[in-house]
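S.K.: Residue numbers (this note's numbering), protein chains in the order written: chain A, 1 to 273; chain B, 1 to 328.
Derived by calculation from the structure, the hints in this document are not laboratory data.
Among the hints, erroneous ones may be present.
To be verified - Quick partial rundown of chain A residues pointing at chain B, CB under 8 Å, derived from the structure: (1) Leu20; (2) Gly24; (3) Val106; (4) Arg205; (5) Arg206; (6) Leu210; (7) Gly272.
Claimed, not checked - If you want the footprint, here are the derived chain B segments under chain A, 3+ residues with CB under 8 Å: (8) 73 to 84; (9) 92 to 102.
To be verified - Derived EDC-like pairs: lysine to aspartate or glutamate, alpha-carbon spacing no greater than 20 Å straight-line: (10) B:Lys248 / B:Glu314; (11) B:Lys95 / A:Asp10; (12) B:Lys226 / B:Glu289; (13) B:Lys95 / A:Asp6.
Fair warning: this is a prediction, and the values are worked out from it, not measured in the lab.
Idealized CB from N, CA, C, for every residue including glycine.
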Amino acid sequence: MDKVADFRNDLAVALRIALLRIRGQMQYRASFWMQIVGNFFVNIAEVLVTWSLFQHFDNLGGWSLEEVILLHGLAMVTFSLGDTLSNGVQSVPQMIREGTFDRNLVRPMSVYLQSVVSEVSARHFGHLTQGVLLLGIGLATAPIEWSVGRIAYLPVIILSGTAFFTALFTVEAIFAFWTVNGVEAVNAFTYGGSDLGQYPLHIFRRGLRLIFLWLVPIGFMTYYPALYLLDRADPLGLPRAASFVAPLAALLFCLVIRFGWRAALRRYTSTGS
Amino acid sequence: MTTQIQARDLSKRFERHTRRAGMVGAMRGLFDRASETVTAVDAVSFDVARGEIVGYIGPNGAGKSTTIKMLTGVLTPSSGEATVAGFTPWSERRKLAQQIGVVFGQRTQLWWDLPLIESLELLQHVYRVPEQRFRENFTMAAELLELGSFLNTPVRQLSLGQRMRGDLAAALLHDPQVLYLDEPTIGLDLVAKTNIREFLAHLNREAGVTILLTTHDLADIERLCKRIIVIDHGHIVHDGDLARLRDKIATERTMTVDFDDPPTLDDQLETRGMRLLDQTGQRVRVAFERSRLTAPDVLTALTEYGSIRDMSIEEPSIESIIQHIYKA
Ligand SMILES: Nc1ncnc2c1ncn2[C@@H]1O[C@H](COP(=O)(O)OP(=O)(O)OP(=O)(O)O)[C@@H](O)[C@H]1O
Ligand SMILES: [Mg+2]
Numbered sequence: 001m002d003k004v005a006d007f008r009n010d011l012a013v014a015l016r017i018a019l020l021r022i023r024g025q026m027q028y029r030a031s032f033w034m035q036i037v038g039n040f041f042v043n044i045a046e047v048l049v050t051w052s053l054f055q056h057f058d059n060l061g062g063w064s065l066e067e068v069i070l071l072h073g074l075a076m077v078t079f080s081l082g083d084t085l086s087n088g089v090q091s092v093p094q095m096i097r098e099g100t101f102d103r104n105l106v107r108p109m110s111v112y113l114q115s116v117v118s119e120v121s122a123r124h125f126g127h128l129t130q131g132v133l134l135l136g137i138g139l140a141t142a143p144i145e146w147s148v149g150r151i152a153y154l155p156v157i158i159l160s161g162t163a164f165f166t167a168l169f170t171v172e173a174i175f176a177f178w179t180v181n182g183v184e185a186v187n188a189f190t191y192g193g194s195d196l197g198q199y200p201l202h203i204f205r206r207g208l209r210l211i212f213l214w215l216v217p218i219g220f221m222t223y224y225p226a227l228y229l230l231d232r233a234d235p236l237g238l239p240r241a242a243s244f245v246a247p248l249a250a251l252l253f254c255l256v257i258r259f260g261w262r263a264a265l266r267r268y269t270s271t272g273s
Numbered sequence: 001m002t003t004q005i006q007a008r009d010l011s012k013r014f015e016r017h018t019r020r021a022g023m024v025g026a027m028r029g030l031f032d033r034a035s036e037t038v039t040a041v042d043a044v045s046f047d048v049a050r051g052e053i054v055g056y057i058g059p060n061g062a063g064k065s066t067t068i069k070m071l072t073g074v075l076t077p078s079s080g081e082a083t084v085a086g087f088t089p090w091s092e093r094r095k096l097a098q099q100i101g102v103v104f105g106q107r108t109q110l111w112w113d114l115p116l117i118e119s120l121e122l123l124q125h126v127y128r129v130p131e132q133r134f135r136e137n138f139t140m141a142a143e144l145l146e147l148g149s150f151l152n153t154p155v156r157q158l159s160l161g162q163r164m165r166g167d168l169a170a171a172l173l174h175d176p177q178v179l180y181l182d183e184p185t186i187g188l189d190l191v192a193k194t195n196i197r198e199f200l201a202h203l204n205r206e207a208g209v210t211i212l213l214t215t216h217d218l219a220d221i222e223r224l225c226k227r228i229i230v231i232d233h234g235h236i237v238h239d240g241d242l243a244r245l246r247d248k249i250a251t252e253r254t255m256t257v258d259f260d261d262p263p264t265l266d267d268q269l270e271t272r273g274m275r276l277l278d279q280t281g282q283r284v285r286v287a288f289e290r291s292r293l294t295a296p297d298v299l300t301a302l303t304e305y306g307s308i309r310d311m312s313i314e315e316p317s318i319e320s321i322i323q324h325i326y327k328a
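Given these sequences and hints, build the entire structure.
M.R.: Shown next as structure tokens:
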């Protein structure tokens, strides 16, 4: 019970820290907005690729432009939210190199949450805005038969995906505790995976599909929930329940990452580096 | 007298990967990484009582910071035990954190992009300090550390001295029982150093805070610490009163004598157990073993060379004492 109260307090404090720091950055209005706008345009390439694809083909693995835009939106919103939330965690390797990580260990607050707010930036809001726009367009134009179930499931998809991507970005930080060089390989999963999550999973080769379903379950975060929203059958033959695995898969994935994070912390406290 | 910090045979060994020279060495390194074990802290034991200020000193790389990291829970020791304010630091880190304040002189604990006052207010929430206590501690720190003029400045724009004062204030808002200070005066000017020393003395006197302090500035020690622990190559080589250390080690005293007229000295001085350090005009400085000669002995001997107008005796400086320990 103590732990729950501690965690709630930690969350409240983390939120307070994040808000104060964002507010502080907004005082430099020009650079604050420039960052966001810049980030919006940096990430627009993905959308242009899809758009040009549809100039030549009228569908992608049987999906219309509107449907693919919906998938883009889901993937982008969850990815950029996860990216934003894990900003500080992603900077942990750098904090360790600079020796500033120690302070997170001498305060009565969750080390993970302290890491989360150790680097707060609105940078990824550009990407997020883009995702929200695409999601909005996708939801409005794709052939969705709206029902209570579909409306209720939408926020669940977003939350699960956000938690999932936050955890995925944490993997990078965890690896950095052991090796400086291995991090690139992990990047392939984060960025590669998120790219992959924007397209209908069935257009990819079997090997990739297996990896991004059963090892890094991105497919369960975007593709399968989208199948439910669009009321499409799964060409890959998984049962219909696969569309509702997202929260469970996210939870499992987070638990695994939590285990890894703790191991990483133990390593740090025994080697000091 | 209650014990606040207790260390028993505390050791910390680090694995250090060594790079082999040359291309072949680098290739070999891919398969079996050469490593050596560095014993940073070696079976260190000591007790610090509530309300004590202890100076923890030693040359670079002696193991001071490593010891502090173990006693704050940042590092798990390779072997040995410790209790701080009733907790085992590395296994009860969060509970301990509530009872201790830590200042790592080289790195700030504050949020670099926030004004100092906001950092302090955030820490109130991190430590869950009741409003009333927070106000009292904040007012006290702001006054004694003279924070007023830069409370609203973002931490990144503060000078080193201002930042350090901010860090000190941040470390005690939650009424810690134990304060660890790892080089709190490094790089500061004399005014800032003095201000910080007075503040620490005040905190210790008024609130009974136990302080463990590392420093390379022996003036910090002279002002604040009755007791010093000297560590070298991970071993404790001295633990006790500063005064007693002086007696034990610094056996040579220096006497400065002003004659009425410039005296002509001879080698009789040496045979009587004195050593001539220098002579400039009427002024003569001699060193002598305190175990062999008393000050009156020396003075009597010197009057044979002329009438004496003035004299003074210097005890050895801490610097020379510490140097002596390091060399041993
Ligand atoms: N994380 C680490 N990994 C490997 N070796 C380390 C690590 N931290 C410290 N050491 C080594 O342990 C020894 C003690 O270091 P420590 O930082 O405790 O010294 P110190 O007394 O604080 O020195 P200084 O006065 O320079 O601050 C040194 O040889 C140092 O190189
Ligand atoms: Mg040190």
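S.K.: For each hint, tell me whether it holds in the structure or not.
M.R.: Hints, one by one, checked against the model:
Taking 8 Å as the C-beta cut-off, the interface hint given for A:Leu20 holds, the closest approach to chain B being about 6 Å. With a cut of 8 Å, the hint placing A:Gly24 at the interface with chain B holds, because the nearest CB-to-CB distance is about 5 Å. The interface hint given for A:Val106 holds, since its Cβ lies 5 Å from the closest Cβ of chain B, which is under the 8 Å cut-off. This hint is violated: A:Arg205 has a C-beta 32 Å from the nearest C-beta of chain B, more than the 8 Å allowed.
Because the closest C-beta pair between A:Arg206 and chain B is about 33 Å apart, greater than 8 Å, the hint is violated. For A:Leu210, the interface hint is violated, since its Cβ never comes within 8 Å of a Cβ in chain B; the closest pair sits about 30 Å apart. The restraint placing A:Gly272 at the interface with chain B holds, with a minimum CB-CB distance near 5 Å, inside the 8 Å limit. Counting residues of the segment 73 to 84 of chain B whose beta-carbon sits less than 8 Å from any beta-carbon of chain A gives 4, enough to reach three: the coverage restraint holds.
Under a criterion of three residues with beta carbons nearer than 8 Å to beta carbons of chain A, the stated coverage of the segment 92 to 102 of chain B is upheld, 7 such residues being counted. Straight-line distance between C-alpha atoms of B:Lys248 and B:Glu314 comes to about 16 Å, which keeps the hinted pair within the 20 Å bound. For the hint linking B:Lys95 to A:Asp10, the alpha-carbon distance of about 14 Å falls within 20 Å, and the restraint holds. Between B:Lys226 and B:Glu289 the CA atoms are separated by roughly 25 Å; this puts the pair beyond 20 Å, and the hint is violated.
Of the pairs offered as hints, the one joining B:Lys95 and A:Asp6 holds, with about 11 Å between alpha carbons and a cut-off of 20 Å not exceeded.
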